[in-house]
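Q: Each chain, written out:
2 protein chains.
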Amino acid sequence: MLERMFDPDAVAVIGASRKEGKVGRAVLENLISGGFENIVPINPNDGEILGFQAYKSILDVPEEMNVDLAVIVIPAKFVPEAIDQCGRAGISNIVVISAGFKEAGVEGARLERECLELCEKYDIRMVGPNCLGIIDTDSGLDATFAANKAHKGNIAMMSQSGAICTVALDWADRTNVGFSKFVSLGNKADLDENDFLEFFETDDSTAVISAYLEGVKSGPDFIEIARRVSRSKPVVIVKSGRTSVGSRAVSSHTGTLAGSDAAYNAAFRQSGVIRADSLIEMLDLSRAFSAYPLPEGRNIAIVTNAGGLGILTADACSSAGLNIASFEEDTINELRETLPPAANIYDPVDVLGDASADVYAHALETVLADGNVDGIILLVSPQAMTDITEIAEKVVDTIKGSEKPILCNLAGGTRVAEGEVILQKNGIPNYPSLERAVASMDALCTYYSIKKRKYVSPPSINADGDTAGKIIRDAVSNKKRILGLESMDILSSYGVNVVDSRIVKSLPEAVEASEEIGYPVVMKIVSPDISHKTDVGGIRLNLQHADDIERAYNSMMSDVHRYMPEARISGVQLQKMVSGGKEVIIGMNRDPQFGPLLMFGLGGTYVEFLKDVSFAVAPISKEEAKHMVSSIKSYPLIAGVRGEAPSDINSIIDTLMRISQLVTDFPEILEFEINPLMVMQDGQGCVAMDVRFTIDVK
Amino acid sequence: MLERMFDPDAVAVIGASRKEGKVGRAVLENLISGGFENIVPINPNDGEILGFQAYKSILDVPEEMNVDLAVIVIPAKFVPEAIDQCGRAGISNIVVISAGFKEAGVEGARLERECLELCEKYDIRMVGPNCLGIIDTDSGLDATFAANKAHKGNIAMMSQSGAICTVALDWADRTNVGFSKFVSLGNKADLDENDFLEFFETDDSTAVISAYLEGVKSGPDFIEIARRVSRSKPVVIVKSGRTSVGSRAVSSHTGTLAGSDAAYNAAFRQSGVIRADSLIEMLDLSRAFSAYPLPEGRNIAIVTNAGGLGILTADACSSAGLNIASFEEDTINELRETLPPAANIYDPVDVLGDASADVYAHALETVLADGNVDGIILLVSPQAMTDITEIAEKVVDTIKGSEKPILCNLAGGTRVAEGEVILQKNGIPNYPSLERAVASMDALCTYYSIKKRKYVSPPSINADGDTAGKIIRDAVSNKKRILGLESMDILSSYGVNVVDSRIVKSLPEAVEASEEIGYPVVMKIVSPDISHKTDVGGIRLNLQHADDIERAYNSMMSDVHRYMPEARISGVQLQKMVSGGKEVIIGMNRDPQFGPLLMFGLGGTYVEFLKDVSFAVAPISKEEAKHMVSSIKSYPLIAGVRGEAPSDINSIIDTLMRISQLVTDFPEILEFEINPLMVMQDGQGCVAMDVRFTIDVK
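Residue numbers (my numbering), protein chains in the order written: chain U, 117 to 814; chain C, 117 to 814.
Keep in mind that the hints were calculated from the coordinates and are not lab data. Treat the hints with care, as some may be off.
Note that the list lumps identical chains together, so a pair holds whenever it fits in one copy or between two copies.
Said to hold, decoys possible - Derived PhoX-like pairs: lysine-lysine, alpha-carbon spacing no greater than 25 angstroms straight-line: (1) K649 with K621; (2) K510 with K738; (3) K568 with K692; (4) K727 with K742; (5) K595 with K814; (6) K567 with K742; (7) K749 with K727; (8) K568 with K172.
Use the sequences and the hints to build the structure in full.
A: The following block contains the structure:
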């Protein structure tokens with residue numbers, strides 16, 4: 117259906133204006149200058165506007181004009197009526213440019229809801245409100261009030277900020293970068309990034325999808341859609357607000373560590389989206405994707421006339437994980453024969469400061485033909501003898517039709533300006549700094565592996581959902597926010613191995629429980645008033661027989677009473693003593709946008725001080741669970757180091773997937789943490805020692 | 117003396133040429149176009165060159181011409197003779213532009229040494245060889261063959277790459293950035309970065325010092341000089357080769373972790389040098405320093421006409437550790453009164469997309485007057501109604517004479533180009549991306565605190581250098597590369613507390629030694645063939661009395677024999693058992709450029725897998741020792757967390773300074789590591805449990 121949005125037979129401009137400087141006139145002018153012919157201005161004063169017959173209302177427009185897109189540029193309070201009229205006139209696509217909606221306060225938000233209801237009633241799809249408009253360079257539709265035109269190209273861009281649309285269009289105009297489609301998302305009352313991702317996926321004119329987003333409207337859908345779309349086209353997104361930390365009260369490590377930016381990072385990674393760190397990087401990357409096929413490896417050749425720039429570029433490549441290529445023998449021989457003796461014929465190739473355009477072009481050509489080279493960074497410094505213009509022209513000839521990406525950095529200012537124009541005119545990406553060229557090359561290489569990635573859906577877990585469900589429903593009806601020992605039963609019902617654990621109220625019960633559990637056991641005080649059990653003598657380890665239990669029980673009671681005479685004692689907990697494992701933590705925090713955000717890390721200081729943790733949005737595939745475990749820095753400690761036996765990593769992965777299923781099945785689980793999960797040697801499994809569930813009881 | 121280098125009475129150009137395209141002609145032309153009048157071309161064919169009387173040899177030039185700088189542009193093999201003639205002619209400053217020296221191989225290196233010897237003989241100071249030349253915009257001297265002119269300004273720049281000089285000059289031409297002095301360092305045979313740092317320090321026309329370096333010639337001198345210079349002027353350096361790891365064989369953790377880039381980072385930090393991550397950043401930062409006084413705090417106001425850019429900038433500020441300012445009430449009131457209701461009157465201030473130049477300028481002025489604001493980032497997006505040119509003009513009026521830095525980002529391309537030119541013409545730094553503006557602001561704020569920093573020299577340590585010296589000299593003469601138990605005596609002699617430890621060869625001796633040490637003790641096997649003692653049963657802990665010693669000794673001997681029948685047993689080591697402390701590591705590795713590079717980190721996995729370590733070049737001040745300890749991520753683990761008592765951090769600092777003194781006193785110590793240093797609770801000191809010295813025996 118969105119096809120007609122971008123390629124309508126006729127467009128009505130509701131609020132078309134005769135007055136210069138009015139948005140309603142700018143839209144009309146843009147439509148006209150874009151070459152669009154079937155334009156229907158709607159204005160209380162009919163007659164002609166800019167050569168087109170105007171109508172008082174969309175309802176007055178003859179049906180045979182076949183208006184299938186209306187652009188609305190009238191004050192907010194009149195917009196609902198206009199939408200109603202569009203609906204009655206059978207128009208199914210609208211772009212609401214007008215501001216004064218949700219972004220403007222309570223009354224605006226009400227108006228926006230009203231608009232949305234009308235859209236739903238009439239089955240209308242709406243872009244906006246509060247946006248710059250939309251552009252399709254194929255159909256020639258420019259339904260924006262932007263001062264810039266979009267060049268024709270293969271980048272489909274969307275932006276949640278109209279101002280950033282203008283920045284991108286203006287940047288693209290100067291750098292000669294073209295767009296297939298351009299969408300200012302505005303308030304996203306109806307159509308949002310997910311709709312356009314899906315639309316761009318099958319749009320033949322689009323090869324690259326890029327976006328500026330301040331948030332996504334539906335996280336889980338976004339992940340599913342982006343995961344699919346990113347397999348056919350690169351999706352490059354800059355997401356702002358990365359440092360603002362959500363203000364929700366959180367009680368576990370998971371919560372304090374997982375700002376919502378961690379969720380975005382995880383979601384983008386899981387769905388194959390390339391996250392740009394800045395607006396400029398988003399534009400840089402889009403441009404590189406737009407210009408070249410993907411490199412099939414990470415071996416990069418550098419060609420330069422300045423050794424210093426070569427070193428800096430090699431540094432940047434190495435930091436980005438790109439390899440400096442090892443040339444084939446033929447390449448080295450050819451360079452040795454054609455370059456002066458002082459030149460460097462290995463990567464980075466230094467053609468020397470006085471290199472002519474021919475020498476440059478030949479070196480480039482030679483390196484380009486090398487089978488070990490996947491991509492090239494071309495650097496030119498404006499030395500005294502350097503004819504930048506001629507070099508740029510010859511380079512263009514050499515690069516034309518290249519199957520390998522060649523990203524350039526004409527380094528300097530005044531003297532390289534003309535060369536920049538020549539490269540731009542020919543669609544060759546030239547960057548103002550070598551670091552930006554390298555970052556773009558890295559993105560090309562990274563996307564090549566994203567594209568090859570296979571996604572296998574999470575396997576179904578054999579779980580006893582009834583048991584878990586009953587415990588959780590009981591907690592909700594009893595307003596019990598924090599679960600007690602029944603937490604362990606929830607884990608068990610999902611197949612997670614838990615430590616045998618009982619709470620008792622007397623010494624005889626303690627002995628009985630210990631015999632059932634089997635020695636050795638651990639005894640812990642149970643009190644709503646005591647949070648740091650160790651500090652009050654509330655923990656006894658390694659109890660071996662009934663006598664130990666008796667001694668431990670009595671001394672614990674007297675110790676606790678001495679340290680905290682006021683504390684209410686509910687009893688003691690007996691637990692099987694587990695030793696010899698490694699402590700890890702699995703947590704979950706519910707992100708407002710993406711839902712259950714899982715966290716994994718090594719227990720203790722690794723999580724607390726080094727924040728060495730990984731995140732993923734549930735549900736996770738087995739690959740994603742593996743990635744969570746292996747991507748923490750302290751991974752070697754569980755993978756086995758210095759002859760130490762490896763921990764049972766498969767059991768961690770299995771547990772992660774069970775937890776993923778559990779928190780997906782029960783949205784009532786607000787927060788969750790197993791701390792610690794004791795992981796034994798490879799093949800010997802893991803066991804949850806303690807767990808904390810926070811339930812949504814309101 | 118370098119004053120005459122930059123401001124000579126007359127300049128001779130040895131190798132001045134009549135032929136277009138020759139370097140010897142380009143130098144002459146640059147001197148002339150710079151307005152320099154007393155030029156003396158030296159050429160085998162005398163007569164006139166470009167209007168100046170030429171001489172066959174520098175020796176032919178009349179003394180009254182007062183030539184006090186010679187620029188040499190003849191083939192390398194003739195340069196020594198020319199220098200000899202300069203010496204005989206009494207010229208004390210030369211710039212050798214000619215290439216073909218050390219960079220060209222063995223014969224070139226020989227020629228370079230010859231030149232240097234002649235310079236020393238005649239007391240001549242030399243820039244180069246193999247350089248672009250030097251510029252002084254005050255005196256009007258342009259003794260380079262660059263195609264660009266330098267604008268007048270207050271940045272003194274030096275570069276180890278001539279090509280990068282041309283990039284910087286060309287960049288500066290386009291952005292209207294000016295230099296006081298400009299030096300192409302070339303091969304640095306004589307004059308190097310240290311000489312120019314000292315010269316720029318007292319040069320009145322210079323406010324900012326910047327450099328591109330591939331290395332420093334004398335590390336210790338560099339630290340001393342830069343530490344002093346950076347207190348009066350900002351020193352911004354981009355150092356290339358940061359990812360190339362030295363290939364020296366290394367045997368300790370210190371070695372594997374400390375590439376020479378770690379040494380540069382430490383040296384730059386210790387000496388107050390601001391390290392730029394890229395050439396462009398070096399230029400960006402220099403420009404910001406060049407334009408404004410320093411901000412006195414880190415509270416930044418953002419003024420924008422695009423909410424999205426405001427959020428991205430706030431993100432970037434927050435990542436850089438810059439604060440978003442809290443405005444004074446007057447500011448908020450004034451903004452509320454003068455901006456439209458939908459505007460954001462808190463930081464980031466959003467003047468909205470249709471803001472006029474007057475509105476922009478007034479908002480800027482208001483924020484500028486706020487006492488809580490230390491610096492401003494000004495953003496402009498090219499929206500439909502935005503008159504960039506007028507905004508740029510009004511902004512210039514508002515900014516003029518500002519005591520606070522205002523860094524701009526006109527975001528876009530074509531439509532902002534004219535605004536960029538206006539800002540540039542008026543010397544207002546405008547950056548192509550908001551991130552670069554923020555990075556520059558961060559540097560300004562950071563330098564403000566560097567400037568305020570006080571440096572106190574390391575106190576002298578009361579050490580018994582004779583004992584240490586004797587052990588080390590003995591090792592050298594006995595070719596003993598790795599020291600044994602005598603290592604502990606070296607530490608002791610420098611006042612480092614070491615564990616009581618003896619090596620014995622029999623059971624009776626073991627018992628005797630243990631009684632002397634005092635129980636409990638630890639027993640370890642001593643064998644040149646056994647590196648992992650635990651694996652062969654070669655360690656026994658917590659031995660409490662003579663019977664324990666006997667049992668341990670016998671069982672150890674039989675265990676070791678069973679596991680490794682071939683191992684040569686030298687005896688056993690008895691050591692006082694120390695428990696209850698935290699393990700840290702202090703190491704040292706000798707960096708080829710900077711000498712002793714100290715390393716500090718928490719023991720075990722923290723060092724090995726998380727590489728959570730800090731570095732500093734010895735000798736270190738007390739502040740630097742403190743910084744080493746407190747800058748590791750795992751610092752909370754020794755500072756005391758969750759009610760745990762803090763470790764004795766003062767004793768670590770004290771030990772670090774003693775080690776600093778030791779490795780400074782004895783350059784024979786190649787590598788060094790205390791692993792572990794056991795740190796007890798605060799006030800209870802620390803004790804070195806094991807130490808490894810590698811001595812330079814060749």
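Q: Please go over all the hints and tell whether each is borne out by the structure.
A: Outcome of the hint check:
In this assembly of identical chains, K649 and K621 lie within 25 angstroms of each other by CA distance solely inside one copy; the values are 17 angstroms within and 48 angstroms between copies. Neither within a single protomer nor between protomers do K510 and K738 lie at most 25 angstroms apart by alpha-carbon distance, with minima of 50 angstroms and 59 angstroms respectively. When the C-alpha separation of K568 and K692 is checked against a cutoff of 25 angstroms, the pair qualifies neither within a copy, at 46 angstroms, nor between copies, at 59 angstroms. Taking the closest pair of Cα atoms, K727 and K742 come within 25 angstroms of each other both inside a single copy (19 angstroms) and across two copies (23 angstroms).
For the identical chains of this complex, K595 and K814 are intra-copy neighbours only, at 7 angstroms inside a copy versus 77 angstroms across copies, given an alpha-carbon limit of 25 angstroms. Proximity of K567 and K742 under a CA criterion of 25 angstroms is satisfied intra-copy only: 19 angstroms inside one chain copy versus 48 angstroms between copies. In this homomeric assembly, K749 and K727 come within 25 angstroms of each other (Cα to Cα) both inside a single copy, at 10 angstroms, and across copies, at 9 angstroms. For the identical chains of this complex, K568 and K172 are neighbours neither inside a copy (55 angstroms) nor across copies (70 angstroms), given an alpha-carbon limit of 25 angstroms.
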